[in-house]
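Novice: Working from the sequences, and respecting the hints, build out all of it.
Residue numbers (this note's numbering), protein chains in the order written: chain A, 1314 to 1455; chain B, 265 to 602.
Keep in mind the hints are simulated off the structure, nothing from the lab.
Some clues are possibly wrong.
[Unchecked claim] The calculated lysine to aspartate or glutamate pairs, modelled on EDC-like cross-linking and capped at a C-alpha distance of 16 Å, are: (1) A:Lys-1400 <-> B:Glu-589; (2) B:Lys-476 <-> A:Glu-1409; (3) A:Lys-1400 <-> B:Glu-428; (4) A:Lys-1453 <-> B:Asp-520; (5) B:Lys-393 <-> B:Glu-428; (6) B:Lys-471 <-> A:Glu-1414; (7) A:Lys-1406 <-> B:Asp-591; (8) B:Lys-481 <-> A:Glu-1409; (9) A:Lys-1406 <-> B:Glu-467; (10) B:Lys-466 <-> A:Glu-1409; (11) A:Lys-1450 <-> B:Glu-478; (12) B:Lys-481 <-> A:Asp-1338.
[Stated by the list, open to error] Label pairs and their computed distance ranges (CB to CB): (13) A:Thr-1449 <-> B:Arg-345: 46 to 54 Å; (14) A:Gln-1346 <-> B:Gln-470: 35 to 43 Å; (15) A:Gly-1374 <-> B:Asp-474: 19 to 27 Å.
Ideal placement from N, C-alpha and C gives every residue a C-beta, glycine not left out.
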Amino acid sequence: MEKTESWQPKIVAFLCNWCSYAGADLAGVSRLQYGPNVRIIRVPCSARINPQFIIKALQNGADGVLVSGCHPGDCHYISGNLVARRKFALTKKFMEYFGIEPERVQFSWVSASEGGRFAALMNRVIDDVKKVGPATKLVKEL
Amino acid sequence: MKAVETEVRNKAKELLEKGEVDLFIGYGKATIPLKSRPIFIAKDSAEEGPDDLVWDSFCSNNLAAYLQKYFENQPNRRKKRETPYPKIGMMAKGCDMRSVVALVKENQVIRENMVILGLPCTGMIDRRKVLEALEGQEVTEYRETEKGLEVTTRDGKSHSFDREEYLQPACKECRFPVPEGTDFMMPGDGRKPGDGGYARIKEFEQKSSDEKWEYFKTEMSKCIRCNACRQACPTCWCKECFADHTDLKWIGVGTDLSDTMIFQIIRIFHQAGRCVECDACYNACPMGIDLRTYTKKIVKDTQELFDFIPDFNTESTPPLSTFSEQDTDGFITDPEEH
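Specialist: Right under this line is the structure:
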C-alpha cells in the first residue's frame, strides 16, 4: 500500500484477557479517545502469544503489532507473563535484526485499572507506526 | 588423526562385541571426495563394520541429529514400550556433545543408554572453500598432511591448502572444541577455543533496518525450501514441524518470498537456547545461504539476555522454559515516558 494522505495504519493488538483487555474495556467505558486503527484480538494470557502470530499478522497486512499483558507479578496464571517476557525480548531483538523497523512490533504491560494508560499507549503506537509508514517488508503479495 | 581413528575403531568394535551398545553411529568415507557420511553399525556386523569408521578433517556432520528417533515412542502405541530402548554408541566432537546434552535436557535422548566416544576436535576443513579455490576442477585424490591438505585434480596437478586458512568458519569461532562429560575420551589435543564470533554480529547490528532487510532478502531469495537445514539440525526434533502443518497453515505452498522468510525466521527462532553453532544447517544448505549470521544472533541474544550458553552442563534449565523476576523490561513500550 502506498503512503497517501488518507492512509491510516492497521494495527493488530493482542491483549490478555485479564488485564489489558479489561484495560481497553475501561478506556471505552470511561469514554477515552484513541485512534480507531486498532483491531483487538483477545488471548487468554500474554504467554499464549507465539512469535509466529506476530510475524503472520505482518505478512497478512498489519502495519503494526502490539502485544500487551498484565504487569510482571500480576499475571492471572502467576507466571505466564514472565515466561512470555523472555520470548518477547528475543522476538523484539530478532525482528530488528532481520530488518523490521522496531516501531512496528511493540510490547507493553497494561493493567485492568489503567484505562488512561491504554488510550495513551494506543495513540503512541499509532503515531509510531504512522512515522514508519505502510508495511512493505514481509508482506505477502496476492 | 590416524592414531585416533584406530583407537575409535578398536573401541567401537569392543563395545559392539561386548554387547554394551546395540548400534554405533560414526563417520564413514563418503562416495565423493572431501566429505564424510554418517554410518550406522549394528551389532551383527561388529566384526567388520567398525573398520569403515573414519576420523579426518571432513567429519563435520552433527551426529546428534540421528539420535532422537531411537528414543521416541511410536505413535498410537501404549506409552510403555514392549522392547527396551536401544543402547547407542556415538562419536562426538564438541558440538555433537553439546547437542546431545541439549537433547537430554529436553528428554529426547536417554543419557544412560548412550556411550559416547569424545573426540578432541582440531576443526573441520571447509569443502566449499577448497572447491572454490580449485575453480571447478575435479578432485581425484586428497590426503591430509601436517600443515593441511594435499589435493590432486583430474589433470594430475597437485594443490596444497593451508589448514588454518581453509577451516570452516564455525570451527574458527568454536568455543568448545573439546567435549566434556563423555564416557571415553580419545587421545590428542583439541583446537584452542575461539572467541565465539560475536564481533561480526555486533557489526551487522549497526546497519540500518533497510540495509539489514536487503541482505536478508537477497539471502532468502536463494532458498528453495528443501528443508535440508531443518533435517540436518540436531535440535530440530519436532515430530510435526510448524512448516508441515496444514490445518493451521503457517507457511504457504507457493513460491512467495515472505513464506520462505517466515520459515527461516521461525526455524532459527526455535533454536533459541539450543543452537550449538555447529553450522550443520549452513553446511547442509545446497544454495549456500548465509544462515550463520542469523543463527549466531539468536545464540548471542540468549547469552546476553539470559546468561545461557548450551554447554556441557546437563543440570541447567533451557532459558525459555524458565524465567527470572530480574529479566529485562527494557524493550517494553511505556506510554508515560517520552
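Novice: Now, for every hint given, state plainly whether the structure supports it.
Specialist: Quick rundown of the hints versus the structure:
1. A:Lys-1400 <-> B:Glu-589: 14 Å, holds
2. B:Lys-476 <-> A:Glu-1409: 9 Å, holds
3. A:Lys-1400 <-> B:Glu-428: Status violated; Cα separation ~38 Å.
4. A:Lys-1453 <-> B:Asp-520: 7 Å, holds
5. B:Lys-393 <-> B:Glu-428: 12 Å, holds
6. B:Lys-471 <-> A:Glu-1414: With a Cα-Cα distance of about 12 Å, the restraint between Lys-471 (chain B) and Glu-1414 (chain A) holds, given a limit of 16 Å.
7. A:Lys-1406 <-> B:Asp-591: 15 Å, holds
8. B:Lys-481 <-> A:Glu-1409: Roughly 14 Å separates the two Cα atoms, so the pair holds.
9. A:Lys-1406 <-> B:Glu-467: Between Lys-1406 (chain A) and Glu-467 (chain B) the Cα gap is close to 15 Å, so the pair holds against 16 Å.
10. B:Lys-466 <-> A:Glu-1409: With Cα atoms ~13 Å apart, Lys-466 (chain B) and Glu-1409 (chain A) stay inside 16 Å; holds.
11. A:Lys-1450 <-> B:Glu-478: 10 Å, holds
12. B:Lys-481 <-> A:Asp-1338: 40 Å, violated
13. A:Thr-1449 <-> B:Arg-345: 46 to 54 Å: 52 Å, holds
14. A:Gln-1346 <-> B:Gln-470: 35 to 43 Å: 40 Å, holds
15. A:Gly-1374 <-> B:Asp-474: 19 to 27 Å: Cβ of Gly-1374 (chain A) to Cβ of Asp-474 (chain B): about 21 Å, so the range 19 to 27 Å holds.
In terms of the numbered hints stated before, the structure departs from hints 3 and 12, listed from lowest to highest.
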